[in-house]
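A.B. asks: In order, the protein sequences belong to chains B and Y.
With my numbering applied, the first sequence corresponds to residues 2 to 343, in that order.
With my numbering applied, the second sequence corresponds to residues 2 to 343, in that order.
No false leads were mixed into what you were given.
Using 25 Å as the maximum straight-line C-alpha spacing, the simulated DMTMM-like pairs for lysine to aspartate or glutamate come out as follows:
hint	chain 1	residue 1	chain 2	residue 2
1	B	Lys144	Y	Glu264
2	Y	Lys29	Y	Asp51
3	Y	Lys144	B	Glu264
4	Y	Lys136	B	Glu264
Across the chosen pairs, the derived CB separations fall in these ranges:
hint	chain 1	residue 1	chain 2	residue 2	range
5	Y	Ala318	B	Glu340	45 to 55 Å
6	B	Ala63	Y	Arg143	46 to 56 Å
7	Y	Glu314	B	Arg293	33 to 43 Å
8	Y	Ala258	B	Gly273	38 to 48 Å
9	B	Gly273	Y	Ile111	44 to 54 Å
10	B	Arg109	Y	Val80	28 to 38 Å
11	Y	Glu264	B	Asn135	20 to 30 Å
12	B	Gly273	Y	Lys144	16 to 26 Å
13	Y	Thr12	B	Asp118	35 to 45 Å
14	Y	Arg286	B	Lys319	17 to 27 Å
15	B	Asp90	Y	Thr48	51 to 61 Å
These aren't lab readings, by the way, just hints derived from the structure by calculation.
Where is the CB? At the ideal position from N, CA and C, for every residue including glycine.
Here is what each chain is made of, one letter per residue.
Number of protein chains: 2
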Amino acid sequence: MENHVATVELTPPYLVFVGDTTTPVFAKTGAGLVHWRRNSCLGQYRTTSDAIDLGLPDLSIAEAVAAGVRTMMVGVANVGGFYPETWIDAFFEATRAGLDIAAGMHSRLIGLPGLADAAAAAGTRLVDVRVPPNKLPIGTGRKRTGRRLLTVGTDCASGKKYTALAIEREMKARGFKSTFRATGQTGIMIAGSGIPIDAVVSDFLAGAAEMLSPDNEPDHWDVIEGQGAIYHPGYAGVTLGLLHGSQPDAIVLCHEAGRTTHEMWDDFPLPGIAECIDRYLLLGRTTSPNIRCVGISVNTSKLDPVQRARYLEDIEAKLHLSCVDPVASGVGPIVDLIEREF
Amino acid sequence: MENHVATVELTPPYLVFVGDTTTPVFAKTGAGLVHWRRNSCLGQYRTTSDAIDLGLPDLSIAEAVAAGVRTMMVGVANVGGFYPETWIDAFFEATRAGLDIAAGMHSRLIGLPGLADAAAAAGTRLVDVRVPPNKLPIGTGRKRTGRRLLTVGTDCASGKKYTALAIEREMKARGFKSTFRATGQTGIMIAGSGIPIDAVVSDFLAGAAEMLSPDNEPDHWDVIEGQGAIYHPGYAGVTLGLLHGSQPDAIVLCHEAGRTTHEMWDDFPLPGIAECIDRYLLLGRTTSPNIRCVGISVNTSKLDPVQRARYLEDIEAKLHLSCVDPVASGVGPIVDLIEREF
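Kindly generate the complete structure, drawing on both the sequences and the hints.
C.D. replies: Set out below in structure tokens:
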């Protein structure tokens, strides 16, 4: 899209930097990148042989350049968010070899002494994906062309990113025009572009969301990664700004089975699923009068298969909406409904 | 409050800078400062004799220093938000004379070539009140001690700041412990401290609001200046974050009589007053389960006295809540209710 310029933009293909990371939870971004964008990942870069293996070919930086890699993606986090010395050496080598570097850690690439100068000399970019673009507009509420789906949640970390990526993949598999729109650092690294919505200055929240999913063809679906949760005592403002700016035709509610309070905000109980959907629809109507819920996506990883089936069936029976676990069985029924009714 | 450190802080008394401004609308901040904090304003500084007269003694910078002034407050805005050359000369003179300077324009004081160095040499501060403090927390939702009132609106520019200041003044006149908490640049200049909430990074919206009205004595009222509006397509996210972080015991709804659509967002009709109150209460319960509305504050400046009386009476009869025009007749009935019921 011509007017879709004010997002973070990354250039594939990628070399996924793993460094010396041995703890799987710290390599979630790299694993997500391989899971959702395998074709963009030409190799991995590990500094020790016991580091996590993402299942990609091990490439030196020279080999990566020769293979056509354009960007080294830092696919790992680290305790405290700082960069160990061994990583920094590799960053300088990659920069001098002509690669962009992209990272989503709290600590900034451009804060590493000398690296920005090295990148300027090499004509490459250091992309801190947590840093939003500079020039964002105020939200206008103007109706945009094309279709939009936003994943929303009963809580943070309830599967909104995974669900959006799964819906985009399912839509593409059926020949829909569809684009995943990322709003958080991991999503942005997977999508190759996006806006880290919770890092945007509050005044521009809705405007950033509008810019993220610009006018498009009437039958094109933007599938937008939600953030926060509308009953959340710390983040609901972000959630509402994203909801208003996204102007979704459709929402999918994401939930983790068994969770009863907001994670790390234990004094705040989660709303019921029906109640939560109602709240999103009520507030979403401000900018999208015909907004509707097209399904429920549940992380049932703590249930056994029998419990899982019963859990999903119960919700379906009560709410008359498809209820899926996207990891266990995909999002097909949700896309069925979209295919049938839009 | 010991822990109330992460706000913008200004040091009175003040010299109010008017410069060469001849258009009253550009001197609204200065006029507000004189209206609400007359005792903190020792004089005004005008560079031309036809500039607006705020009713303060004209003081040279040397006279202001001799009188004990600590801060020069830039009480005027300018088309385009840039600083004219004649103003800058006065800023340097004030800085060298040992005064802090505070301003709320888009263009930053620290961006004026050489001024930051001059301030460093003089040991004075340049305070851009649109710039939020650096270290803001995430909202916790933890219940704080003391009472809180938040002014909310059917729209932006509906009298939220004026109403909050009027309620603080009325409370103080009756011997209440009460503090106005400012969330926008003009309010911050009037209060001498505050957080420009719409300039805060989204993630910290509720946390900033929590920090703005910290734990206090059980019978102390923070009267918090609202921002945006909950049905607003561009700003509702800010409004919700402020609502959640403020944890108000009480809200006062502000409205401009006769306005039917959101100002400058003409495609978005205003909600009805009762409907709008319900929405604020519904969403406010997330962090303040016993939140209630204690009155309605209407700007009736476009009505004649007969129309005004009828308008306010109609709303009172329908909603069984005190409905006042704070400019025409004060906020007494709202504070009456608070005095009776809290």
